[in-house]
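Protein chains: 2
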Amino acid sequence: MRDQITEWFKSLQNNICQSLENADGSGRFHEDLWDREAGGGGRTRVLTNGDIIEKGGVNFSAVEGETPDNILKALNLPKADFYATGVSIVMHPKSPMMPIIHMNVRYFEMSNGSWWFGGGIDLTPHYVDKGDAIYFHQTLKDACDKHDPEYYPNFKKWADDYFYIKHRKETRGIGGIFFDRLTETSHHSKEQRFEFVKEIGNTFAPVYTTLMHKNSALPYSENEVSWQKLRRGRYVEFNLVLDKGTKFGLDTDGRTESILMSLPPQANWEYNYQTVPNDPEQLTLDLLKKGVDWV
Amino acid sequence: MRDQITEWFKSLQNNICQSLENADGSGRFHEDLWDREAGGGGRTRVLTNGDIIEKGGVNFSAVEGETPDNILKALNLPKADFYATGVSIVMHPKSPMMPIIHMNVRYFEMSNGSWWFGGGIDLTPHYVDKGDAIYFHQTLKDACDKHDPEYYPNFKKWADDYFYIKHRKETRGIGGIFFDRLTETSHHSKEQRFEFVKEIGNTFAPVYTTLMHKNSALPYSENEVSWQKLRRGRYVEFNLVLDKGTKFGLDTDGRTESILMSLPPQANWEYNYQTVPNDPEQLTLDLLKKGVDWV
Numbered sequence: 038m039r040d041q042i043t044e045w046f047k048s049l050q051n052n053i054c055q056s057l058e059n060a061d062g063s064g065r066f067h068e069d070l071w072d073r074e075a076g077g078g079g080r081t082r083v084l085t086n087g088d089i090i091e092k093g094g095v096n097f098s099a100v101e102g103e104t105p106d107n108i109l110k111a112l113n114l115p116k117a118d119f120y121a122t123g124v125s126i127v128m129h130p131k132s133p134m135m136p137i138i139h140m141n142v143r144y145f146e147m148s149n150g151s152w153w154f155g156g157g158i159d160l161t162p163h164y165v166d167k168g169d170a171i172y173f174h175q176t177l178k179d180a181c182d183k184h185d186p187e188y189y190p191n192f193k194k195w196a197d198d199y200f201y202i203k204h205r206k207e208t209r210g211i212g213g214i215f216f217d218r219l220t221e222t223s224h225h226s227k228e229q230r231f232e233f234v235k236e237i238g239n240t241f242a243p244v245y246t247t248l249m250h251k252n253s254a255l256p257y258s259e260n261e262v263s264w265q266k267l268r269r270g271r272y273v274e275f276n277l278v279l280d281k282g283t284k285f286g287l288d289t290d291g292r293t294e295s296i297l298m299s300l301p302p303q304a305n306w307e308y309n310y311q312t313v314p315n316d317p318e319q320l321t322l323d324l325l326k327k328g329v330d331w332v
Numbered sequence: 038m039r040d041q042i043t044e045w046f047k048s049l050q051n052n053i054c055q056s057l058e059n060a061d062g063s064g065r066f067h068e069d070l071w072d073r074e075a076g077g078g079g080r081t082r083v084l085t086n087g088d089i090i091e092k093g094g095v096n097f098s099a100v101e102g103e104t105p106d107n108i109l110k111a112l113n114l115p116k117a118d119f120y121a122t123g124v125s126i127v128m129h130p131k132s133p134m135m136p137i138i139h140m141n142v143r144y145f146e147m148s149n150g151s152w153w154f155g156g157g158i159d160l161t162p163h164y165v166d167k168g169d170a171i172y173f174h175q176t177l178k179d180a181c182d183k184h185d186p187e188y189y190p191n192f193k194k195w196a197d198d199y200f201y202i203k204h205r206k207e208t209r210g211i212g213g214i215f216f217d218r219l220t221e222t223s224h225h226s227k228e229q230r231f232e233f234v235k236e237i238g239n240t241f242a243p244v245y246t247t248l249m250h251k252n253s254a255l256p257y258s259e260n261e262v263s264w265q266k267l268r269r270g271r272y273v274e275f276n277l278v279l280d281k282g283t284k285f286g287l288d289t290d291g292r293t294e295s296i297l298m299s300l301p302p303q304a305n306w307e308y309n310y311q312t313v314p315n316d317p318e319q320l321t322l323d324l325l326k327k328g329v330d331w332v
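Order-wise, the sequence lines are chains A and B.
Under our numbering, residues 38 to 332 are what the first sequence spells out, in order.
Under our numbering, residues 38 to 332 are what the second sequence spells out, in order.
Keep in mind the hints are simulated off the structure, nothing from the lab.
Accuracy of the hints is not assured; some may be wrong.
A pair counts as met if it fits within one copy or between any two copies, since identical chains are not told apart.
To be verified - Below 30 Å or equal to it, Euclidean Cα-Cα: the simulated DSS-like pairs (lysine-lysine) are:
hint: 1; residue 1: Lys326; residue 2: Lys183
hint: 2; residue 1: Lys227; residue 2: Lys206
hint: 3; residue 1: Lys116; residue 2: Lys47
hint: 4; residue 1: Lys183; residue 2: Lys203
hint: 5; residue 1: Lys206; residue 2: Lys116
hint: 6; residue 1: Lys206; residue 2: Lys326
hint: 7; residue 1: Lys227; residue 2: Lys266
hint: 8; residue 1: Lys183; residue 2: Lys167
hint: 9; residue 1: Lys326; residue 2: Lys47
Since the model is a prediction, treat every value here as computed from it, not as a measurement.
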């Protein structure tokens, strides 16, 4: 089944790249194939300076080998080899009126026979548009509900907790869903778990291209661009300080350029920046908290 | 003695801010006083948009309270209260021909009676100038040699190992010195350790203002500015992924804006950027490795 999952992730990468190129207009993905010295490799695809997307990556990888000790420790596992495959996406749009998006779907298998799926998708608007937020969460809820009515409420809460920048006391964006260690239970066979992961993977392109069509032509000024760069700074903080996928990649001697394609083309830090009450920037900050019920 | 050390760190902050303002010309430090809820506080001073310094901070803090569990674990210590005081500095100059500099001197005391000094100073040129690198290391060696001939060789190696960006396989800059857990030994009394830390603290202003006078008026073009922004991206990577001081600050619920004043005003990431052989950028990269003997 591992081969079947791996092949499906490859085809997901192909389909998503095609959809994003179509929606962007001029942007084209550049592909780099790479091998990991300790086993496996990947297909990194990066698009820069498109009409809508300033910098974005859609990465496929399938890596294997001895599990590093720090990861065994963190997961409380005995010494074993691992196999990990998945697709990771981050899109940084040119326009501050377009949200950043991230998706990851992954499958993990240990030589002792244990396996699990994980993944997530979350949206980081520079300016929160409530209609977009409701659309995004409703689409995820609909996808989840086809598989288990418990999925959306549980995984939405998990995303609120995961995509949280502790040291800023704010969420990265408006959240989405996050899940990990999904394995076989009396309610869910491996095939059913895989079907759910496919559903989420297939949700990405229609959701983001809809937002591209809707928002990428909205007007903005230098003021919105300055705010975008500060928000990108927070995105960098989350990814480098807190993101477990980034940490796993760097710890397992992954390809650094593929892992850090998630970073924005440019980010700014301004000491002790303060928003103006009731300005759109402050209204966005007011919504970057856990527990907002969007649907 | 703890009060004496604390007061000396405060006066060091005053003296360094004064020297930097004089050398910069127009830049002035803005001060924020802050309290830490769990005990202690600090004096953050940030200068932005000076003639030479684009963004720089000189922070004093003295914090105390219960030691967080993760830190006790990392240091292999029993449950105890801590007191930590020090000065932390990072300067991001406007010109890519000027190096970034960092210094930290700190004193740590536990309620069980143990104590130690730590610190470091390192230089991160966007373009390595060999004369400047020799001057920087020679000055540090002279300062160290007044106290112990073993200090410079040991602490220089420690800096090479500490200021190393593992996932990039490059050092952050040309290094300097780094030291930690300096406590009482048969060779070194507490007073002698403190004298050494003072010596290093007092080295900062003359060294960096010399580099400001020498380099800040050198000509440069857009090309050098682009490279500077990529190098600032690496600085962000080091500070957020690897720096223990940043981690300690965020883990002990320190003041985020004071801790992250170390981040540059702007940083760029370009996917898989490649330098041109023999260009100044590549010649700089060739020198960003451990074990270069500068003196």
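We went through each hint and held it up to the structure:
no., hint, result
1, Lys326 <-> Lys183, "within (27 Å within a copy, 54 Å between copies)"
2, Lys227 <-> Lys206, "neither (37 Å within a copy, 40 Å between copies)"
3, Lys116 <-> Lys47, "within (29 Å within a copy, 50 Å between copies)"
4, Lys183 <-> Lys203, "neither (33 Å within a copy, 44 Å between copies)"
5, Lys206 <-> Lys116, "between (37 Å within a copy, 27 Å between copies)"
6, Lys206 <-> Lys326, "within (8 Å within a copy, 37 Å between copies)"
7, Lys227 <-> Lys266, "neither (42 Å within a copy, 47 Å between copies)"
8, Lys183 <-> Lys167, "within (24 Å within a copy, 64 Å between copies)"
9, Lys326 <-> Lys47, "neither (35 Å within a copy, 37 Å between copies)"
Violated hints for the displayed structure, listed by number in ascending order: 2, 4, 7 and 9.
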